[in-house]
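A.B. asks: Okay, here's what each chain looks like letter by letter:
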Amino acid sequence: EDKVVQSPLSLVVHEGDTVTLNCSYEVTNFRSLLWYKQEKKAPTFLFMLTSSGIEKKSGRLSSILDKKELFSILNITATQTGDSAIYLCAVEAYNQFYFGTGTSLTVIP
Amino acid sequence: EAGVAQSPRYKIIEKRQSVAFWCNPISGHATLYWYQQILGQGPKLLIQFQNNGVVDDSQLPKDRFSAERLKGVDSTLKIQPAKLEDSAVYLCASSLGLVQGEQYFGPGTRLTVT
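Taken in order, these protein sequences are the chains called A and B.
Using the numbering used here, the first residue of the first sequence is number 1, and each one after it goes up by one.
Using the numbering used here, the first residue of the second sequence is number 1001, and each one after it goes up by one.
For the record, the hints were derived by calculation from the structure and aren't laboratory data.
All residues carry an ideal CB built from backbone N, CA and C; glycine is no exception.
Keep in mind that the hints are not guaranteed to be accurate.
[Said to hold, decoys possible] In silico SDA-like links for lysine to any residue, alpha-carbon gap of 20 Å or less: (1) Lys41(A) to Glu1014(B); (2) Lys1044(B) to Ser104(A); (3) Lys41(A) to Ala78(A).
[Stated by the list, open to error] Some but not every residue of chain B turned toward chain A, in silico, with C-beta under 7 Å: (4) Ala1005; (5) Trp1022; (6) Gln1041; (7) Pro1043; (8) Glu1102; (9) Gly1106.
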């Protein structure tokens, strides 16, 4: 059965901390892995990863994929209160998207 | 650029009633998705359209759910009859179709079935 597992389920940090969110998957016909940020509304797209070992960066966020070990990590450095959200990992397979349950990140001032 | 529009934003119905949701994707986006997100879970893809054709609906409970995308633009998702476990947020998303990963989500419709 295809599945996407995220860890930790929730995380509370202080502003300025660095966090690492994990996403592991078992999906046949893998095409890409995607990260989304979800606040009190619909998810917003962060990254799409298709190749192993190539880091994607956007400001304080970065992500990398390991297709051999079947996981991805999302790093956030110098966290801010505005980073508080649920971070969703999704795997795109052939004509299907599988989402994890998300990691709830809370950044305390 | 206008985003993905959905209506209504909230809906409360009793079990066994019917309900319909509407989605208008971003102009020019060929691919449209309907997701169901139950509280505390990630979104689950129900159905995917490419223009007005169904690409995948393997996770759509076809005994009670139906969806259509006439003319390859707007789409409607219907539930008939609704069950308590259908309470969720129904998200519509669209993408150009060339780079399917970059989906743009609408604000969602929060359905409560009592």
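A.B. asks: For every hint, state whether the structure bears it out.
C.D. replies: Hints versus structure:
no.	hint	verdict
1	Lys41(A) to Glu1014(B)	violated, 24 Å
2	Lys1044(B) to Ser104(A)	holds, 18 Å
3	Lys41(A) to Ala78(A)	violated, 24 Å
4	Ala1005	violated, 11 Å
5	Trp1022	violated, 15 Å
6	Gln1041	holds, 5 Å
7	Pro1043	holds, 5 Å
8	Glu1102	holds, 6 Å
9	Gly1106	holds, 6 Å
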